[in-house]
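There are 2 protein chains.
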Amino acid sequence: MKPVSLVEIIKKGGKLALSGKKISWFPPSEWLATYNKDTLSSDLIAALIVTIMLIPQSLAYALLAGLPPEVGLYASIFPLLAYAIFGTSRTLAVGPVAVVSLLTASTIGAIAAQGSADYLTAAILLAFISGLFLLLLGIFKLGFLANFLSHPVITGFINAAALIIATSQLKHLLGIKVSGRSFYELVTSILSQLAQTNMITLTLGTAVAGFLIWSRKGLKKLLVANGVKPLLAAVISKAGPLIAVIITVLISATLGLEHYGVRIVGDIPVGLPSLNIPSFNPELWSTLVGPAILISIIGFMESISVAQTLAAKKRQRITPNQELIGLGAANIASAFSGSYPVTGGFSRSVVNFDAGAETPAAGAFTAIGIAIAALLLTPLLYFLPVATLAAIIIVAVASLIDFSTMGQTWRYSRADFAAMLATIIITLLFGVEKGVMSGVALSIGVHLYNTSRPHVAIIGNVAGTEHFRNILRHEVSTSPRVLSLRVDESLYFANARFLEDYIYDQVAKRPKLEHVILQCAAVNAIDASAFESIEEINRRLKDSDVKFSMSEIKGPVMDRLKRTEFFHHLTGNVYLSHYQAIKEIDPESLK
Amino acid sequence: MKPVSLVEIIKKGGKLALSGKKISWFPPSEWLATYNKDTLSSDLIAALIVTIMLIPQSLAYALLAGLPPEVGLYASIFPLLAYAIFGTSRTLAVGPVAVVSLLTASTIGAIAAQGSADYLTAAILLAFISGLFLLLLGIFKLGFLANFLSHPVITGFINAAALIIATSQLKHLLGIKVSGRSFYELVTSILSQLAQTNMITLTLGTAVAGFLIWSRKGLKKLLVANGVKPLLAAVISKAGPLIAVIITVLISATLGLEHYGVRIVGDIPVGLPSLNIPSFNPELWSTLVGPAILISIIGFMESISVAQTLAAKKRQRITPNQELIGLGAANIASAFSGSYPVTGGFSRSVVNFDAGAETPAAGAFTAIGIAIAALLLTPLLYFLPVATLAAIIIVAVASLIDFSTMGQTWRYSRADFAAMLATIIITLLFGVEKGVMSGVALSIGVHLYNTSRPHVAIIGNVAGTEHFRNILRHEVSTSPRVLSLRVDESLYFANARFLEDYIYDQVAKRPKLEHVILQCAAVNAIDASAFESIEEINRRLKDSDVKFSMSEIKGPVMDRLKRTEFFHHLTGNVYLSHYQAIKEIDPESLK
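If you're matching them up, the sequences are chains A and B in order. Read left to right, the first sequence gives residues 1 to 591 (my numbering). Read left to right, the second sequence gives residues 1 to 591 (my numbering).
Don't read these hints as lab results, they were simulated from the structure. Quick reminder that beta carbons are idealized off the backbone N, C-alpha and C, glycines included. Don't take each hint at face value.
Which chain B residues face chain A? A few, computed with CB under 8 Å, are given here [claimed, not checked]:
no. : residue
1   : Pro152
2   : Lys313
3   : Pro320
4   : Asp488
5   : Phe493
6   : Arg497
7   : Arg563
Work out the full structure, taking the sequences as your base and the hints as a guide.
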């Protein structure tokens, strides 16, 4: 193979076909060509708004992940640049997010003490393995694996995770020390420590939470009503968390709140992240591979949902496998900056979109904004009360809780609701990893169960037509010599025996029977197990002197059957239409 | 609830409806009423032949399971009686079988030393838990769970298990001591010990194996050719293993082979099994629950296959959930007789059927035959060379190896073949439990993968008809304003996003598009995840100013959709037929 120079790749639009859909090594070539002053100013405004939102979020989510605040800022610089280069969504805002931070805390909390060097080492390696895994999924086009998380399982998981996150932050709002990581441990620990509540911390935290809730809707209205221009009002209203940070820093510094037992953030190192090489401790790798895969998939799901939603609004397309590469690169960048797993955040991306971001350059500009903050603003955060960050987290995750989908799922499908409820309960009782795993197993189980008992109808001819319909629902004519069956499902291992059983039962009931004809119009596939069952049906019916025929077999199914000896053994025939079959076998039964 | 007396149950035919299909507490009421002298004599002859076959098999399979020979006989008395009372197959011959014996050895070998009291205790508890599990599956009608073992996985597993069984018996044929349980360990251990081979043992074992292979086909022919009546010739030809036992006992006793290093069976306790209460050690229970479930399911699969095959030949029906109860009772009886897990054996049942067994009474008579053997014949087996039993096992399992199905699966479906091959390789490398588990996971994975990328066709109108066909395969007319899609798969979580992606891709390509119509004739179900995807498609198409409609929705799918708000949000309409849809939306596109 001829080596391809980087310049050539960029010139050609960077498209290298691997197999099937194209994966691009340099997606910016798509938008760089048309970049102009207008897009630049749109991107700059969006970047400003997102930066204002991201500074307090970075600090808060690092707290949630059990990491020092500066690590949150580090997660918001180079990962954003990496995504801007390798991702396809024009408006996705990558960085630390709540659920991934919780998963990080839950994974690493089990193997290292918070604040220890081992804890940070593990977080960095987690980001690195996640990045590698996402890259591999993208390169091998395995993005479809994420689909095995069903919607009910995700909804259930997010609800339970939000509850755990909010509970885990209550200690900072109450100013108490709490142990435990599962929901149950957290709740009992909080209840036992309730008497130690620091009233000043609680007042401050509650006030911040109240302000944040109000600022989401009320602030913009208030500003506009007072003559502030809508664009500026929008910027300021997104700055609610930043305003809360500034005000509480001022209060905390002025009143010396740390002397009254209010925990403050303290020293944050000034400067950009230094280059970090992930650990190669094999034991740590083997411990973290499982959780890293889980974090990658959940992060990818969150990211791709919001990316697709936003892309659809402008009739743009994102490429899921390219997104995997973008997020993989972002996580590897995060690991090399000494930080923890990142993904595309929901609320931040929506803000980025609404603020008018036109290209991924907005993400790069946001990275520059956070870099400036890391260089200049960190000394100002010394007096920041931890309760402020906790309030920001609690308000953010409260909006993740979604009861309406739960109600809708209950009405739509009891089985899916059961999978959702089980995910919630197991997540709360046994932790996030077990919760998701059980949810996945359950939703696969529910699917297999449902398809393992397909709808099978005995059909008869609708007088005067060539149609055959369910004898239970329609006025149809049948023949005592012929049993016509329609099965409404693809045939595969989980339902192959069901069909066998059904047919033998029906045959045993009909002593005069001479023919069984299976109408296969709804059979989209027949796997090897079902194929053996069909051969077995043919063989056993032969033992009972009943001929077995099939009608209306679909093209791809027919192609596959033709590769076997089946049609040599088939005691009956294959018919293009069920009407033809009956016309040939028992024309008198047609009225 | 009124208590029901046993007499009443028997009088009423013992049918108590639990829910849905009836489960019978006393199935013999079905055949006892018509029992007469003819059925009695048929059953007696069949029982005699099966007893002759079962005596050496019982001893051999106990050896394979790592248990004393009498335990094999015990497994062939009360379990057979229990099955005769609670089972539904008229010809199934229950007792120890090769694969279940291997699974027993593999499970217990990991936790206790062969020959120790702990080993037997564990084997008994394994039978008890298996019995309980089968009973519970039967009572709660969960027999369908067995369907999650796909045919390729079973074939792969049986092939690998047969290979492991044969290898594990080679040591007895060579007269060497071998350690290890996995295939790799066995092979390396045998190779390292090959120099210690006892030539007399090897000669004897090889001669027995050769005789057994020949007797399967050659013996009956020879006898018939020499004027023996066919029925008697058939009986004698099934007695190959028994003849081998008798001859080698005589040789061994006469020549005093044990003094030449030939291992003999030695003392076997005389008498019937005494009542045994299974252990209630909770630690042992928790160790054995997993393997017991696996053994139950594999045993049930083997049993139900042969039972159904034989029942179909006489247009009889067996009830899978009742079979679970029959096999559960047999295993509990085995535990109480101090023995190990049993199930319906393939070759023995076929012999029972061919020998003319008419009712389960044949099984009861076989049990009496084995009881007589346990009372009278065991002293005669003192000199029986272990190599004879090993040869019986090797010849029996050699017939389980099935390359033709492997070849057929390869031709039919590469994905199924991959699952089969993986099962074989993992079983050989990592043992039987891991092999089956991986196989199940793989076949579920293959199914999900296949259905996660359903066939979606863009369809157009066939001129002059109301039919719509794939634009790639047929001459059809389409409209630039309307995109008609047909999806050939039920929609569920694994393929919901695929459909979304597909639709967004197609819409992004067509700037003039105003309508998307999804033809749902092949959609047998829509789960909660897919429902959310459809809502999302509707929502996103709305954002792109494209209306979304659906046609030919099946009744049950429609019923479910009607329970939601979906039709209030739907931007387009629901049409009974696709033709109606196009006639209303863009009649000019119809030629």
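The hints, checked one at a time:
Checking Pro152 of chain B against chain A by beta carbon gives a least distance of about 5 Å; that is within 8 Å, so the hint holds. A distance limit of 8 Å between C-beta atoms decides the matter here; for Lys313 of chain B the minimum to chain A is near 5 Å, and the interface restraint holds. Taken as an interface hint, Pro320 of chain B checks out: its beta carbon lies about 7 Å from the nearest beta carbon of chain A, inside 8 Å. Interface hint status for Asp488 of chain B: upheld, as the beta-carbon distance to the closest one in chain A is roughly 5 Å, under 8 Å.
Among the interface hints, the one on Phe493 of chain B holds; its C-beta lies about 3 Å from the nearest C-beta in chain A, closer than the 8 Å criterion. The interface hint given for Arg497 of chain B is met, as the beta carbon of that residue sits about 5 Å from the closest beta carbon of chain A, less than 8 Å. Hint status for Arg563 of chain B relative to chain A: holds, with the closest Cβ pair at about 5 Å, below 8 Å.
Against the hints set out earlier in the document, no violation occurs for any number.
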